[in-house]
Amino acid sequence: MSEHVILDAAAIARMLTRLSHEVVEKNKGTDGLCLLGIRRRGEIVAERIRALIGRFYECFPPCGGIDIGMYRDDLVSGFFVPDARINKLDFSVDGKNVVLCDDVLHTGRSVRAAIEAIMDLGRPAKIMLLVLCDRGGKEMPVCPDFVGKNIPTSRQEFIDVRLCEIEGEDSLGIVTAPETTQKI
Amino acid sequence: MIGKDMLGLYDATAEDIMLILDTAVGMKKLLTQNLKKLPHLQGRTVTTLFYENSTRTRCSFELAAKYLGAGTVNITASSSSVQKGETLIDTGYTLDAMKNDVIVIRHPMGGAPHLLARNVKASVVNGGDGMNEHPTQALLDFYTMREKFGSLKGLKVAILGDIKHSRVAKSNLFGLTKLGAEVVMYSPATLMPQGIERLGAKVAKSREEALAGANVVMGLRIQLERMHGGLFPSLSEYAKYYGVDEEHLRLADKDCIVMHPGPVNRGVEFTSDVIDAENSKITEQVLNGVAVRMALLFLLVKNRQGGEKNE
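Residue numbers (my numbering), protein chains in the order written: chain A, 1 to 184; chain B, 1 to 311.
Any given hint could turn out to be false.
Unchecked claim - Pulled a few chain B residues facing chain A out of the computed Cβ check, cut under 10 Å:
id, residue
1, K37
2, P39
3, H40
4, C59
5, G71
6, V73
7, N74
8, I75
9, M294
Calculated directly from the structure, the hints in this document are not laboratory data.
As the structure is a computational prediction, the values presented were derived from the model and not from experiment.
Each residue gets a CB set at the ideal place from its N, CA and C atoms; glycine is no exception.
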């Protein structure tokens with residue numbers, strides 16, 4: 001297994017700074033803005049963006065994590081019991097401009113599930129999508145509004161996002177699966 | 001492997017039981033969070049066919065089926081064609097023709113679910129047959145014990161009460177011996193089935209012997225409806241010599257749990273203090289029952305059809 005690091009900690013910090021400004025720019029301010037991250041890396045991304053918006057604009061938009069386990073589209077085809085948590089936010093999404101955050105956009109299926117999960121929580125005015133990395137390979141008509149980096153990849157490759165909160169360091173790289181695991 | 005039906009634990013393997021319990025862990029996690037709408041049985045029908053009275057088993061199965069997205073139909077013998085003389089097999093053909101996917105049956109005759117299972121395409125689940133077995137109750141008992149103790153291996157389970165008429169006792173015995181627990185039974189000699197030792201149970205000679213060091217104290221209801229006189233003098237005498245109060249419970253292990261499949265006759269098999277004590281798992285058992293039945297319905301549908309409906 002070989003890993004090629006594309007973004008180091010400093011590059012990720014710059015990227016998040018740019019994304020936080022873009023979010024406020026597109027929203028024309030911080031009014032009505034709220035951030036929702038797909039558990040669990042998306043939640044961390046959302047919190048980072050929130051902290052940055054707070055630093056630059058002195059306003060901390062409400063932020064929360066959502067679990068998409070119950071909304072996955074492969075529950076019946078795969079016949080498994082999801083390990084999910086109930087979605088409870090300490091704020092309402094009704095009429096808000098929701099920025100849905102995730103680390104990697106690939107098939108778009110988790111985004112579809114997340115949209116369904118958000119709709120169960122209320123009726124936002126708008127849902128926008130922010131991802132650290134768009135690796136291509138979409139299977140759903142989903143288009144991100146804010147992209148950290150476009151990295152077209154093949155199916156044998158995957159994006160390894162490391163975050164301080166989980167792995168103790170920030171980095172983003174491409175991992176190529178070795179020949180042997182491809183056959184499985 | 002779990003096949004088409006769940007008829008009893010006599011034929012189940014330890015692996016089957018563990019698979020159901022493991023699946024139930026995920027189900028309970030969802031239930032306790034109030035997340036109760038899984039899609040796995042959507043478009044399927046679960047029918048409860050009850051020839052005997054029931055509150056919790058039927059309600060539990062019905063809720064379990066609903067939480068998995070299935071449609072449910074309830075049939076009670078007293079208000080069905082059984083009253084007009086239809087045989088069990090004919091009722092089975094009728095239910096099959098209506099494309100039922102799972103039939104949960106409770107019947108006063110032991111073996112009735114087996115007979116039905118041989119004649120229908122739907123999965124049959126035994127919801128209690130006469131004095132034979134009540135597998136899902138035993139499974140939820142195992143779940144409750146495992147949740148408390150982590151494993152059933154080496155546990156001493158004392159079962160007190162009407163062993164003879166109890167299908168719960170038998171299913172528990174078959175399962176617990178497979179899972180490595182020790183089963184000690186105690187009841188008036190008239191309510192102890194002959195030869196139960198050959199099935200792996202230890203018969204205690206006194207209440208004290210049965211309770212000594214027990215990790216689980218399970219009471220069973222005196223099933224007056226199945227008794228035709230003369231098995232013991234009176235309920236109050238039974239309570240005095242065979243019932244369990246707080247004082248008796250001190251003989252058991254200090255971390256023991258109290259269980260009862262319900263319905264409880266307060267003051268007969270257990271006193272009210274025992275039933276409402278902190279270590280009583282009687283209401284917890286009811287919640288676990290829904291989780292275990294969800295797991296069972298889930299696995300039956302998953303294993304048997306690989307996605308195909310009864311068509």
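Verification of the supplied hints:
A hinted interface residue such as K37(B) counts as satisfied when its beta carbon comes closer than 10 Å to some beta carbon of chain A; here the least separation is about 7 Å, so the hint holds. The restraint placing P39(B) at the interface with chain A holds, with a minimum CB-CB distance near 5 Å, inside the 10 Å limit. Interface restraint check for H40(B): the shortest CB-CB distance to chain A comes to about 6 Å, inside 10 Å, so the restraint holds. Among the interface hints, the one on C59(B) is violated; its C-beta lies about 22 Å from the nearest C-beta in chain A, farther than the 10 Å criterion.
Violation of the interface hint for G71(B) is found here, the shortest Cβ-Cβ separation to chain A being roughly 16 Å, above the 10 Å cut-off. Annotation: interface hint on V73(B) violated; nearest CB of chain A at approximately 22 Å, more than 10 Å. The beta carbon of N74(B) is not positioned within 10 Å of any beta carbon in chain A (closest approach about 25 Å), and the interface hint is therefore violated. With its C-beta approaching chain A no nearer than about 27 Å, I75(B) sits outside the 10 Å limit, and its interface hint is violated.
The beta carbon of M294(B) comes within 9 Å of a beta carbon in chain A, closer than 10 Å, and the hint placing it at the interface holds.
Checked against the numbered hints given earlier, this structure breaks hints 4, 5, 6, 7 and 8; the rest are met.
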